[in-house]
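The residues making up each chain are set out below.
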Amino acid sequence: MLRRGERFNPLEVAKQTEEIVCRESSRKYTSFYATGVYGGIATGYTVGCCFRCFFCWTDFSRDYPELYGDYYTPEEACNNIVKAAKRWRVKKARISGGEPTLCRKHLLELLEHMEGRGEVELFILETNGLLLGADESYVRELTGFKKVYVRVSLKAGTPEAFEARTGASREFFELPFKAVKSLLDHGARFHVAAMSDPRFMPPSERRKLIEKLAEIDEFVAANLEEEVCDPYEATIVRMSYYGVDPVKFFGGSSLEE
Amino acid sequence: MRSEVLLEKLVTLFRLAEVEGEDLTLNKLYKLFNLQVPLELKELEDLPPRLALTLIHEDPRLRGVVRKAAKAYLREKKVKI
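Chains A and B, in that order, give the protein sequences. For our numbering, add 3 to where a residue sits in the first sequence, where the first one is 1. For our numbering, add 947 to where a residue sits in the second sequence, where the first one is 1.
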């Protein structure tokens, strides 16, 4: 677990996490299930992330990847996701939980398997955009898959807020925006989400974020999905750990300028 | 005239997506507001609004009007463009 207040290089954390959660083309998952979001979707819950957002809903496998999950080959993961899709009669699938773009070899092979499975029509890749922004060739590879739909989740509208919320050093703030630009340039199917909960994102920062997206593309900015923070158990514990009072937060009001 | 009506329908969809963009399908979202899913979006009614908007933006026949609607919606939100 990274210490409170510690600022880190998220690309380094990505590498260190991959050493734990990836083994050749296998990756650690904790479970496979279907849930109601997106109107019903089969989900593979991955272990490990390169950010340490205090508002994150993911269980503690994010913080202690060495303690959680089992390794699955791309084929096994694909089979388990498709099995969940069939059981719950849904046609959409995703990998979620941790950061799905860690373990690149695993992800690309999983997507290859998924392309051949008629049970799934759309595969949603939920990402924080860091690794896609750091390497354009990764985006190019993803756009080769017909079923892939990317959802990039931004965490902040300024470098200072990015550092405060994710723990990652502010010099990496631009990478998720670079990912958005790259997805656009490569003709990928995607939309952008942002954790713009007014309880911690002031209106001025929210405006900056939307205007920054509008500079990239007006449609992308208009189609921004704004997220709010929910009181999951792990979120409450993290908030306390990182010095945010969850009682005040969830009982509180929006930030004023 | 037809494209003006569609433009208004799409601006409405951007507004509805603000209420719920990920969890509910178009079908359920429109129902919540006692509205009918527009014919042009019928094929996408099982998708959440953000995904549906992305997919119609991909359609070369609709792309122009979707982009106009996006611009109108941003102006409505007073975003500098």
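Because the hints were derived from the structure by calculation, they are not lab data. Incorrect hints may appear among the rest.
Which chain A residues stay away from chain B? Per the calculated CB distances, all over 12 Å, these [claimed, not checked]: (1) Glu22; (2) Lys94; (3) Leu111.
Per the computed footprint, the stretches of chain A lying under chain B, defined by three or more beta-carbons under 8 Å from a beta-carbon of chain B, are [claimed, not checked]: (4) 27-37; (5) 181-194; (6) 211-219.
Calculated from the model, a selection of chain B residues having no Cβ within reach of chain A, i.e. all distances over 10 Å [what the hints assert, rightly or not]: (7) Leu953; (8) Glu955; (9) Thr972; (10) Gln983; (11) Leu986; (12) Leu1000; (13) Leu1002; (14) His1004; (15) Arg1008; (16) Lys1018; (17) Leu1021.
Ideal Cβ positions, reconstructed from N, Cα and C, are used throughout, including at glycine.
Status of each hint after checking the structure:
The non-interface label for A:Glu22 is consistent with chain B: the shortest C-beta to C-beta separation is roughly 32 Å, beyond 12 Å. Once the 12 Å rule is applied to beta carbons, A:Lys94 is inconsistent with being away from chain B; the minimum gap is 8 Å. For A:Leu111, the shortest C-beta to C-beta distance to chain B comes to about 22 Å, beyond the 12 Å cut-off, and the non-interface label holds. Only residues whose beta carbon comes within less than 8 Å of a beta carbon in chain B count, and the stretch 27-37 of chain A has 0; fewer than three means the coverage is violated.
Only residues whose beta carbon comes within less than 8 Å of a beta carbon in chain B count, and the stretch 181-194 of chain A has 3; three or more means the coverage holds. With a threshold of 8 Å between beta carbons, the proposed coverage of the stretch 211-219 of chain A by chain B holds, since 3 of its residues qualify and at least three are required. Residue-level check passed: B:Leu953 sits 15 Å from the nearest beta carbon of chain A, beyond 10 Å. Listed as outside the interface, B:Glu955 is consistent with that label: its C-beta sits roughly 15 Å from the nearest C-beta of chain A, beyond the 10 Å cut-off.
For B:Thr972, the condition that its CB be more than 10 Å from all CB atoms of chain A is violated, with the nearest at approximately 4 Å. Every beta carbon of chain A lies more than 10 Å from that of B:Gln983, the smallest distance being close to 18 Å; the non-interface claim holds. B:Leu986, annotated as away from the interface, keeps every beta carbon of chain A farther than 10 Å; the closest lies near 20 Å. Distance check on B:Leu1000: its Cβ comes as close as 5 Å (rounded) to a Cβ of chain A, failing to clear the 10 Å threshold; non-interface status is violated.
Interface exclusion of B:Leu1002 from chain A breaks down, the closest Cβ pair being 7 Å apart, not more than 10 Å. Listed as outside the interface, B:His1004 is inconsistent with that label: its C-beta sits roughly 6 Å from the nearest C-beta of chain A, within the 10 Å cut-off. Against chain A, the non-interface label of B:Arg1008 holds: every CB pair exceeds 10 Å, the least being about 16 Å. For B:Lys1018, the requirement that its beta carbon stay farther than 10 Å from each beta carbon of chain A is not met, with the minimum near 6 Å.
Not every beta carbon of chain A lies more than 10 Å from that of B:Leu1021, the smallest distance being close to 5 Å; the non-interface claim is violated.
Of the numbered hints stated above, those contradicted by the structure are hints 2, 4, 9, 12, 13, 14, 16 and 17, listed in ascending order.
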